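2 protein chains.
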Amino acid sequence: MESREAGSATDLAYMRMALDEARAAAAAGEIPVGAVVVANGAVVARSHNVREARQSALAHAEILAIEGASARLKSWRLEECTMYVTLEPCIMCVGAILQARIARLVFGCLDPKAGAVRSLYRLCEDARLNHRVTVADGVLAEDCGRILSDFFADLRKAKQGGRSSIKQ
Amino acid sequence: MESREAGSATDLAYMRMALDEARAAAAAGEIPVGAVVVANGAVVARSHNVREARQSALAHAEILAIEGASARLKSWRLEECTMYVTLEPCIMCVGAILQARIARLVFGCLDPKAGAVRSLYRLCEDARLNHRVTVADGVLAEDCGRILSDFFADLRKAKQGGRSSIKQ
Numbered sequence: 224m225e226s227r228e229a230g231s232a233t234d235l236a237y238m239r240m241a242l243d244e245a246r247a248a249a250a251a252g253e254i255p256v257g258a259v260v261v262a263n264g265a266v267v268a269r270s271h272n273v274r275e276a277r278q279s280a281l282a283h284a285e286i287l288a289i290e291g292a293s294a295r296l297k298s299w300r301l302e303e304c305t306m307y308v309t310l311e312p313c314i315m316c317v318g319a320i321l322q323a324r325i326a327r328l329v330f331g332c333l334d335p336k337a338g339a340v341r342s343l344y345r346l347c348e349d350a351r352l353n354h355r356v357t358v359a360d361g362v363l364a365e366d367c368g369r370i371l372s373d374f375f376a377d378l379r380k381a382k383q384g385g386r387s388s389i390k391q
Numbered sequence: 224m225e226s227r228e229a230g231s232a233t234d235l236a237y238m239r240m241a242l243d244e245a246r247a248a249a250a251a252g253e254i255p256v257g258a259v260v261v262a263n264g265a266v267v268a269r270s271h272n273v274r275e276a277r278q279s280a281l282a283h284a285e286i287l288a289i290e291g292a293s294a295r296l297k298s299w300r301l302e303e304c305t306m307y308v309t310l311e312p313c314i315m316c317v318g319a320i321l322q323a324r325i326a327r328l329v330f331g332c333l334d335p336k337a338g339a340v341r342s343l344y345r346l347c348e349d350a351r352l353n354h355r356v357t358v359a360d361g362v363l364a365e366d367c368g369r370i371l372s373d374f375f376a377d378l379r380k381a382k383q384g385g386r387s388s389i390k391q
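Heads up: the protein sequence lines correspond to chains A and B, in order. For the first sequence, the tail end lands on 391 under the numbering used here, and the numbers increase by one without skipping. For the second sequence, the tail end lands on 391 under the numbering used here, and the numbers increase by one without skipping.
In case anyone wonders, no lab produced these hints; they're calculated from the structure. All values derive from a computational prediction rather than experimental measurement. Among the hints, a few may not be true.
Identical chains blur together in the list; that is why a pair holds if it fits in one copy or across any two.
[Said to hold, decoys possible] With a cut-off of at most 30 angstroms between alpha-carbon atoms, the simulated DSSO-like pairs for lysine-lysine come out as follows: (1) K297 x K336; (2) K380 x K297; (3) K382 x K297; (4) K380 x K336; (5) K382 x K336.
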């Protein structure tokens, strides 16, 4: 647990960038989750969920951020990297973070239904795996959660009103 | 457990195709794992691990097969699909299979160090998740395992001889 680091100025700055990405997802009618990958003090990838636009279950913010970071760094090994993501990653995304050997994961709010870092599983703490990820959670958790709850509230309203512009 | 189905003619035929994909990976110096996705009796994607060539930790056979199937079917929902894969999927790939709502997973040999279907975790059986996958294992397990053990034996020989053509 690294909650003492959860509010460092650096973590807050990158999480605000991830929140900007989440807002871009919401504006496009996608579930608002954003991610940023940082290596040696530089942003090497930033992305948001585009599952509906791409019609791909793989198009979570974290997967696209790993793809972008590997392309930028020309390596599948992201051992120098920290990932910032607004929502606790799911099983697929934690698996991808482990496969890519990301050093540190910082996330915002918990996902009690699908999160695999703290909620359903604690996959970053499994000593049997050949990689471990340092985790900090709860960074701007309220903001990260609000953008999701606002999105789903708008979605319910839109459904009640018969609008279909939001795709979820 | 569906081991009674593990040897059906259909399963064997598609697993042989996945084995062909695994051989193509080995020939390219990649860890030999192959995957095939079938929907309504037709192959909609086939792929093999290309992690080294693409320098992407995401480039496991299963991820590429899901990507291909979604592109072909123009949908992130692969509810009609069966995936055949030579090796027990890792956490990332099981997560992707669940995200894509694949109906059925058929795999060959176990992966005691990283498998997340039977070995380290049994993620396809988690009632808390919003999707369940029917699983059959052990289909052509010996062939699927041999291609891996041969690959790693060759790799050790190559390393001892100072050759570097195999990238793992």
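Right, here's what the structure says about each hint:
For the identical chains of this complex, K297 and K336 are inter-copy neighbours only, at 27 angstroms across copies versus 34 angstroms inside a copy, given an alpha-carbon limit of 30 angstroms. For the identical chains of this complex, K380 and K297 are inter-copy neighbours only, at 28 angstroms across copies versus 44 angstroms inside a copy, given an alpha-carbon limit of 30 angstroms. Only between protomers do K382 and K297 lie at most 30 angstroms apart by alpha-carbon distance; the minimum there is 24 angstroms, versus 44 angstroms within a single protomer. For the identical chains of this complex, K380 and K336 are intra-copy neighbours only, at 22 angstroms inside a copy versus 47 angstroms across copies, given an alpha-carbon limit of 30 angstroms.
When the C-alpha separation of K382 and K336 is checked against a cutoff of 30 angstroms, the pair qualifies only within one copy, where the shortest distance is 22 angstroms, while the shortest distance between copies is 46 angstroms.
Going down the numbered hints, you'll see the structure goes against none, and every one checks out.
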